Structures are given as structure tokens and as C-alpha cells.
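Please work from the sequences and hints to get the whole structure.
Line by line, the protein sequences give chains E and S.
Number 14 in our numbering belongs to position 14 of the first sequence; there are no gaps in the numbering.
Number 170 in our numbering belongs to position 170 of the second sequence; there are no gaps in the numbering.
Hints in this document: simulated from the structure, not taken from any laboratory.
Since this is a predicted model, take the numbers as computed values, not measurements.
All C-beta atoms, glycine included, are put in the ideal place defined by N, C-alpha and C.
Worth double-checking, as some hints may not be accurate.
[Claimed, not checked] Straight-line alpha carbon distances no greater than 25 Å define the calculated BS3-like cross-link-like pairs of lysine-lysine that follow:
hint: 1; chain 1: S; residue 1: K197; chain 2: E; residue 2: K79
hint: 2; chain 1: E; residue 1: K47; chain 2: S; residue 2: K40
hint: 3; chain 1: E; residue 1: K38; chain 2: S; residue 2: K268
[Claimed, not checked] A partial selection of chain E residues facing chain S, derived with a Cβ cut-off under 8 Å:
hint: 4; residue: T43
hint: 5; residue: E46
hint: 6; residue: H56
hint: 7; residue: A66
hint: 8; residue: L72
hint: 9; residue: K74
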Amino acid sequence: MENNTYYNSADLKKFGNIADWDKNLAAKFFDYYGEVFKEGDLTAREKSLIALAVAHTVQCPYCIDAYTQDSLEKGATEKGMMEAIHVAAAIRGGASLVHGVMMMNKAKKLSM
Amino acid sequence: MIKSLHARHHQLAQQEKQVEYLSNGIFKEGKLPTFQQKIKSVNFFPLKPAALEIFQVNIGYMCNQVCKHCHVDAGPDRREIMTRQTMQQCLNVLAQTKIHTLDITGGAPEMNPDFRWFVAEAKRIGVQEIIVRSNLTIILANPKYYDLPSFFKEHGVRICSSLPFYKADKTDRQRGEGVFETSVEALKLLNEVGYGKEESGLILDLVYNPTGAFLPGDQMQLQRDFKKELKDHSNIDFNSLLTITNIPISRYLDFLIESGNYEEYMEKLVNAFNPAAVPGVMCRNTISVDWQGNLYDCDFNQMLGLKTSSAACQHISDFDMERLSRRDIVINQHCFACTAGAGSSCQGAVA
Ligand code: SF4
Ligand code: SF4
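What follows is the structure, encoded as C-alpha cells:
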């Protein structure tokens with residue numbers, strides 16, 4: 001099928017097809033995946049919000065689609081979902097900035 | 001306040017148009033299997049009733065609210081209202097059969113001038129369980145309703161009330177500006193007379209339905225969130241949270257179409273089809289009666305104008321338990337909402 005975009009929203013529903021070319025590994029992965037999202041010490045809603053934040057960090061459109069919906073289903077508020085993304089953004093921004101110390105260390109060493 | 005589809009002369013106000021919409025499009029083109037095909041594949045076609053336990057009587061479409069998702073298309077402009085004579089016919093059936101629950105719904109059933117008479121008579125003839133689907137805000141809508149909590153208590157009524165979320169924003173977007181706050185006030189009044197308190201035996205259940213084009217989450221987990229939030233913020237107690245999947249008819253169907261979510265929502269419902277939920281669909285233990293006394297397999301079919309099979313009886317004056325028990329339930333694509341995931345009924349999840 002001819003497709004001029006890298007991403008196609010219909011592909012999300014075909015996620016399971018990865019099993020076509022390696023059944024064993026796919027089964028292990030989906031099994032694990034299902035287990036991860038079960039309620040544990042963290043509630044299913046908390047896990048969904050973490051997934052949503054990570055989805056924005058790895059910038060996966062499929063995951064953003066899936067976990068926006070999942071978060072709503074789990075009873076998250078829109079504000080809560082935005083807060084989760086800010087957590088991702090803060091860690092992302094912070095991760096760059098904290099490396100500034102590395103830069104400073106190196107620069108200081110190199111400079112007179 | 002938004003207006004009912006009826007008041008807007010919207011084409012979806014016509015029941016046949018809705019049925020047409022649900023029968024055509026993606027289903028006719030074969031992109032999605034029909035409900036009939038789907039239940040056939042798991043040997044539930046034709047869908048047959050189990051023992052009749054619940055009489056759900058819709059005593060009128062008038063309502064003080066105009067919620068965006070309302071499957072009744074209720075509102076202040078709706079004039080359809082059940083007469084005392086039809087109520088009496090319902091009571092006669094209840095007196096003669098083993099149906100243990102009378103489930104009174106609307107609109108806002110309390111707005112029917114004979115509502116209290118109906119409840120009192122049902123109690124007098126010994127109906128085991130009387131449920132009233134109260135929208136809560138009606139209690140504070142007019143001084144003549146202020147004593148409803150004590151009336152409910154006096155008659156041992158079980159209350160089922162919609163509250164789609166434990167915060168104002170989402171609730172008000174679906175049910176109207178200020179509805180959350182008024183609902184909380186009403187819940188407090190119900191709590192005050194003992195509703196929702198463990199020891200009292202007075203049952204107050206809340207009904208959750210998604211505030212958009214998505215499915216309800218796990219009933220127990222949502223109940224836990226609701227209990228905690230409503231207790232912490234408003235000191236409110238209730239018994240159970242019943243999760244209900246939005247049925248793609250009437251104003252919710254209009255929302256789905258207008259927001260471009262219709263096909264995806266239907267696909268979601270079809271993909272979430274759970275064979276284990278089929279035996280629990282409410283049409284198997286319920287008969288729905290409309291304001292004129294016509295009979296339906298459920299309140300949703302009532303809104304679509306899909307009466308009980310003509311091979312059974314179709315009017316309360318003609319009620320025949322035996323023929324009804326042999327009927328085939330009338331189905332269409334909206335039924336997928338009852339069998340998605342953990343299933344959905346007026347008693348919440350079923351599987
Ligand atoms: S959902 Fe209930 S409260 Fe809202 S308009 Fe419909 S009948 Fe009235
Ligand atoms: S919509 Fe009505 S007829 Fe269809 S499955 Fe649900 S309860 Fe039964």
C-alpha cells in the first residue's frame with residue numbers, strides 16, 4: 001500500500017501484527033506489557049498517566065493516542081493529564097540543564 | 001442551556017432516522033460486523049429473555065436538565081407524560097406477577113404530578129424494590145421538591161443518580177453549568193436523612209458514564225476514586241458506583257456524529273465485544289414501559305421506537321408474561337454498548 005507519511009493512525013490497531021514475524025517474542029512482550037499495567041502499588045490510573053508522560057517524552061504518536069484515551073477512561077482529569085506532561089517536560093528540560101554542570105566542569109578545566 | 005433535539009427539529013429527533021443511521025454506513029458496508037452477526041457467532045442469536053425481574057417505567061420525558069449525552073432527548077420542552085391510569089395498569093401487572101423491582105425513570109420522574117402517588121401505591125401493594133432514577137438537581141429545583149429526600153426515605157425507595165464525575169468541570173460540561181454544585185447539595189440532603197449510610201439500609205447509588213467518546217474504566221477502581229474524592233471534598237457517602245457505557249442513540253449519537261467520533265466509537269464498541277457480557281444484558285430481565293403504556297425490551301429501544309416483538313404483546317393493557325418470555329429481543333447496532341468490555345446495564349457492569 002502506497003503511503004506518503006511515516007505514521008498512519010490505522011497502524012495502531014495493527015500493533016498485534018508484530019507477532020506475525022516472531023510469535024514467541026511478541027507473546028512474551030504483550031504478556032509482560034499486560035502485567036505491567038495491572039494495578040499494583042500504583043493504581044491503574046497512575047500507571048496510565050506515567051505512560052502518557054513517557055509517550056510525550058519518546059514522542060510516540062501511537063502511545064499519545066492510546067494513553068490519552070486510556071487516561072480519560074481511567075478517570076484522569078484533563079488538568080491532571082497536562083500536569084503529567086509537564087512532569088515529562090520538566091525532567092526533559094532539567095536533564096539538559098543539569099548537564100550544564102558537566103559543560104561548566106569541562107570549560108573550567110580547559111580555561112585559564 | 002442547550003435544547004433538546006426535539007425543540008431544534010433536528011432530524012435525529014425522529015426515531016426512524018436514528019435506526020436508519022445505525023443500520024447503514026459502516027455496518028451496511030461490512031466494515032464492521034452487525035450486532036446480530038456478532039451474537040450469532042457466539043450462539044446467542046436470537047437473543048432470548050431470562051426471568052423477568054425488573055419493570056422499568058418511564059413516566060415522562062420532561063426534565064429540568066438538558067444533558068448533552070441524554071439518550072431520552074429529555075428537557076423542559078418535552079410534554080410526554082404518563083397518566084395515573086397507565087400507572088395503574090403497571091401496578092396491576094406488578095400485583096399479578098413475580099416482578100420484584102419497579103424502576104421509575106424519565107426525564108425527571110419527580111416532575112410527573114402523579115409520581116408520588118405511583119410510588120406510594122407501589123409500596124402499598126408490596127413491590128419488593130422501588131428504584132427512582134433521580135437526577136439530584138430536581139430536589140433543589142423548586143420548593144415543592146425540597147421534601148423529596150424524606151418522601152424517598154418514608155417509602156424505602158432506592159435512589160440511583162447520575163454523577164459523571166467527582167469534579168465540577170467534567171460534570172458541568174456534560175450536564176450543564178452549575179449542575180455539579182447543586183448535585184452535591186442534593187447528595188448532602190440525601191445523606192442527612194440517612195441515604196448512603198451503611199447502617200440505614202437506604203441505598204443511594206451513583207451512576208457514572210463517560211464524559212465523551214470513550215468507554216468507562218473499571219467499575220471498582222472508579223468507585224474507589226469517587227468515594228475518596230466525594231468524602232474528602234464534600235463529606236458525601238454513597239453505596240455503589242454503577243458504570244454505564246454511553247449508548248449511541250439520541251443526543252449522544254448527535255454528539256458522536258458532530259464531533260467526528262461516530263465510526264471510531266462504534267469500532268471501539270465492536271472490538272470490545274465481550275461474549276461473557278451477553279447473558280447479563282438488561283433486556284433479558286427487564287421490560288421497559290413508555291408514557292403511553294407501550295412495551296419495549298429496554299429504555300434504549302424505547303427511545304428508538306423499537307417495540308417488543310409483535311409476536312409478543314406490545315402494550316401494558318395486553319400484558320402477557322407467557323408470550324413475553326418467548327419473544328425474540330429486538331436488537332440493533334446500539335446494543336454493542338451493552339456488551340463492550342465489562343458490559344453495561346442500568347445496574348452497572350455485568351461481566
Ligand atoms: S440525562 Fe437524565 S437528567 Fe440529563 S437530560 Fe436526560 S433525563 Fe434529564
Ligand atoms: S440496547 Fe437494549 S436490547 Fe440491546 S442489548 Fe442493550 S438492553 Fe438489550
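Inset, instruction - Classify the hint on E/A66 as holds or violated, based on whether any CB of chain S lies nearer than 8 Å to its CB. - result: violated, 11 Å
Legend entry - Agreement of E/K38 and S/K268 with the hint, judged by alpha carbon distance not exceeding 25 Å: Between E/K38 and S/K268 the Cα gap is close to 21 Å, so the pair holds against 25 Å.
Legend entry - Satisfaction of hint between S/K40 and E/K47, Cα-Cα up to 25 Å: Judged against 25 Å, a Cα distance of about 37 Å means the pair is violated.
Inset, instruction - Go through the hint on E/L72 and say holds or violated, using the shortest Cβ distance to chain S against 8 Å. - result: At about 5 Å, which falls below the 8 Å cut-off, the nearest Cβ of chain S leaves the hint on E/L72 intact, so it holds.
Legend entry - Agreement of hint E/T43 with chain S interface, Cβ distance less than 8 Å: holds, 7 Å
Inset, instruction - Mind checking the CB of E/E46 against every CB in chain S and telling me if the closest is under 8 Å? - result: violated, 11 Å
Inset, instruction - Assess, step by step, whether the Cα of S/K197 is no farther than 25 Å from the Cα of E/K79, and give holds or violated. - result: Status violated; Cα separation ~32 Å.
Legend entry - Hinted contact E/H56 with chain S - closest CB pair below 8 Å: violated, 19 Å
Legend entry - Status of the E/K74 interface restraint (C-beta, 8 Å, chain S): holds, 5 Å
Of the numbered hints stated above, those contradicted by the structure are hints 1, 2, 5, 6 and 7, listed in ascending order.
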